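Engineer: Residue numbers (this note's numbering), protein chains in the order written: chain A, 1 to 584; chain B, 1001 to 1584.
Keep in mind the hints are simulated off the structure, nothing from the lab. No experiment lies behind these values; they were computed from the predicted model shown. Ideal placement from N, C-alpha and C gives every residue a C-beta, glycine not left out. Please note: incorrect hints may appear among the correct ones.
Per the computed footprint, the stretches of chain B lying under chain A, defined by three or more beta-carbons under 8 Å from a beta-carbon of chain A, are [said to hold, decoys possible]:
| hint | segment |
| --- | --- |
| 1 | 1088-1096 |
| 2 | 1139-1150 |
| 3 | 1212-1224 |
| 4 | 1281-1289 |
| 5 | 1292-1299 |
Number of protein chains: 2
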Amino acid sequence: MPARYGRVMAQRAGGRALCALRGRLLPPGPAAARLGSSGPALQRAAGAEEADAEVSTRKKTFTEVQTERLEQADRSVLIRCPSKLNEKKLLQYLSSHGKIDNYFFFENRGVNALIEFSEKSSVTSLQAVTGIPKAAEHHVVPYKSRLFTFTLKNPGSQAAEERPVNLSPQSHIPVNELIPKLCSADSISSQMYILLNEYQLTEENIKLRYLACSLVRDFARAYFPDSTVKPFGSSVNTFGKLGCDVDMFLDFRDIQKRATQMKKGPFEIEYQMKRLPSERLATQKILSIIGDCLDNFGPGYSSVQKILNARCPLVKFSHQPTGFQCDLSVSNSIAIKCSELLYIYGCLDPRVRALVFSLRCWARVHGLTNSVPGTWITNFSLTMMIMFFLQKRSPPIIPTLDQLKELADEKDKHIIGGYDCSFVSDLSKIKPTKNTESLDELLCDFFQYFGNFDFRKNSLNLRKGKEVNKPESSPLYIWNPFEQDLNISKNVNQPQLEKFVAVARESAWILQKEDKTQQMVNKEPWGLAAVLIPFGKSNRNTMKNRTKGIGSETIKSLLDSLKRSIERAGRNEDEKRSGKRADK
Amino acid sequence: MPARYGRVMAQRAGGRALCALRGRLLPPGPAAARLGSSGPALQRAAGAEEADAEVSTRKKTFTEVQTERLEQADRSVLIRCPSKLNEKKLLQYLSSHGKIDNYFFFENRGVNALIEFSEKSSVTSLQAVTGIPKAAEHHVVPYKSRLFTFTLKNPGSQAAEERPVNLSPQSHIPVNELIPKLCSADSISSQMYILLNEYQLTEENIKLRYLACSLVRDFARAYFPDSTVKPFGSSVNTFGKLGCDVDMFLDFRDIQKRATQMKKGPFEIEYQMKRLPSERLATQKILSIIGDCLDNFGPGYSSVQKILNARCPLVKFSHQPTGFQCDLSVSNSIAIKCSELLYIYGCLDPRVRALVFSLRCWARVHGLTNSVPGTWITNFSLTMMIMFFLQKRSPPIIPTLDQLKELADEKDKHIIGGYDCSFVSDLSKIKPTKNTESLDELLCDFFQYFGNFDFRKNSLNLRKGKEVNKPESSPLYIWNPFEQDLNISKNVNQPQLEKFVAVARESAWILQKEDKTQQMVNKEPWGLAAVLIPFGKSNRNTMKNRTKGIGSETIKSLLDSLKRSIERAGRNEDEKRSGKRADK
């Protein structure tokens, strides 16, 4: 075995052990360490260097993480492999093009490998020996991407050495498989961490997301060499769930920065460029053509759909090689700041992500959120409600936005479109919370808090971390953290809000009244599992037992009234499927 | 003055003198020397090296010329300059980015300069100091091309040093200005060389054409890095007229060549590529998107028109910075071979091009050819008729295609789509003609030859250099030189052919009967000038004199019948404007 390849294998083994330690045991390490850390850094950190690596990665800012991940993705390729494979031979061959920093296999219409080389030049080296598909030489679009197909030259002779490879999962288990896992835990807190570990993005999935962006960037760079394509929203804000869409921004800001560089000499020198009556039109045209290029030149892009007349023009597409559904729009600085804010909150305390993942799952199970835009609460609004709730604890678990702004230094200052979007980027400047509440308490209190919130009078202001009088009559008013005159939940109507309140109250009631020991003996869902079963569809016996256990006519009638209100809201869901899209 | 800049100026002066000597005096040097030579080679050849340079440039093959010109274009940029300019300062500034091999100014909505650097890196160096237009920063499409705008930083302070620059003409004079010039010549032969020199592509115009291709190639290379965009047809076949369209081919052949390179290792490695049901569909999609990119990203591209359902799908567009109307299609090897064949014929003897230019002008004046496709004779068909005529002289002025094929060596062998397209590429292998006829004779004999050709029975076969029986009943049958089962003039209908014959007879009659001395005294058009005046519209006195000079009723009635047939054909012209486009 060549020395180079041996080293990769050693790193890989170290990395796996560490990943298991970090990601799959309970409770997980700080979120920042999982999301903010790079694979190779982690893998090299096996053994004695482990503690150091964690310290150094924990401190990474949002921007540092993005820059590092994008750079890794730039030197990564995707290979469709033979279904049976000699992993050693594959790596040995690939190592002949240069050192491999990281790799993994995954299933997606066959076995695929993501290979992260140490150097970009290795990609070029591999491309130099890659052929155009021969069987249909004249019928392919000869766009040379970083997607390859490897087939065995002599399939028969190597059969003995081939064995199935370890496949990294790219999707989470369905709720019905999750429930039994949750029931075997020993506390609600443990249940929440189990859910987090099953649902959160894996190191591998994050690499695939950045690669998906990097591949689209190759298209954009063809014409705009300084452009970048960055993920935003759930792929990067620490709250993304396996299987969630990849939201991408096409960013031209680097170009505009360079425009100010002017050199000596008697002339002002400018490019001759196509001028358009508005920036919006330029955005639409660029997105439109990049959409066409993906559709017509790009291997594996399908269902390309241009939505150019939306408030924020975008191109939706499905990328089969990575398996992602993607949305490409043109960079919006405030949306990036929102992702960064959530990233910071997600990194500050492990309870934050555990609570968000549990509550997002809960909201989806009960039809409070939906994958399509509508009059329901978005994941973003729900997350902001959770953040607000965490700001309101005593002592607070996360700081207010005004407090984060006070910690900002000169380089953190950002005024975007007249709005002050400054807040601290360096996580180490934020003091850890003194709050020691358990997730059991927090989950139950969340349901109680919003089950009793005076939505008619009050709005949620995360900048100040307190309720303030609603400036207008929207049923649910959550101040946009940066554009302070906007309500991020303007789309939510009264029936949807009422449904949310009703389900929250029902959930609080279930958690408070239940008898865990009895339920475990009866093999009935308990704790988090109990609130993740749709109330309408839950086991008839369970419902009967519950009602029996309470035995009060008052509660029976309350339940009936709740059921009716839930059904009413459900009908509403089907009727109105339009509205603002803000599921970021 | 820096040494580098001084050298450029010296070269330039040398180049100009040489150009004047070569291109503007009569008779011109061999066509190959003008079209086949590179500017810098010419310019460096001033003085003692001149003769050598001519010998070396005369021998260049079609492919060598194309390769050299494309490479020059790759390192060229186009600059929109201030209307008044200190040429010295401009060159001094540009030289700070690298040595300049060649440059010229031309008028096109203001003063423009084409700058040909010695090294490609100079272009990158200039781009590095170039800004995005500031006035409308958010409303431009930030595609960075090789088109720049220079403005003066301090227009006032430099005013004293600015003077108009020498502008290279990019269009020919109109026919009505040409006629008096022709009348002052001393022979028809001189007249034909005057016309050639006024109409033929200049060194500068050829550079602009290759640059126009190179700029489109930048778009194609964005996605297909191995692709090239090459001019074909009149821009390169030595018969192009100033102002003619630029026909471009997008060529992917390099890519397909590399597909066969396969390296060691246990795997076959292929790109994942978009597969399409047919090559035609791939061509259509690629042209469509490149058309959109030019239209939406490219500065100065306008009137982009996709004609994708044609037999040969193409994109038409106007490129304002170079001033060309362009047609982009996907490479057709046989069309390239046609261009090369004409290039060889055009280079063999100076009379070839002189005759073609005169006859093309004559045909256009009389409405025998037209810029739009239709039932009339195309320039390509007319040129092939002239080549056939020259093959038929005794001794022949140019060889037959079969003779050229006999001279072909191994590397000249090309079988395209089953057709043998082999012919010699090395001009020096072809023996010069022993024919010494004057152009006066050739012009007159051309009119007589085709005025009396038995088009009903015979077809023109350039491969054998003789008339053969028509294989089918098309009025005019000219064998496609390579695809021997095709008639290149299938589009021509009987009235158009009759009109051609009639005008040829009339022209022969004018040239034979005219009294040059008398006409010069009367300041009447004579020789070539006389046949370049539309017969219907010619000076009433001239017509009267001519008729009087002959004084025969027979001829009078012949004239009237001719006039009627011309008018009939003219009406036909307006009615039918569809048909095969073969003006290559």
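Engineer: All the hints need checking, so say for each whether the structure fits it.
Structural biologist: Do the hints match the structure? See the list:
no.	hint	result
1	1088-1096	holds (count 4)
2	1139-1150	holds (count 11)
3	1212-1224	holds (count 4)
4	1281-1289	holds (count 6)
5	1292-1299	holds (count 6)
Checked against the numbered hints given earlier, this structure breaks none of them.
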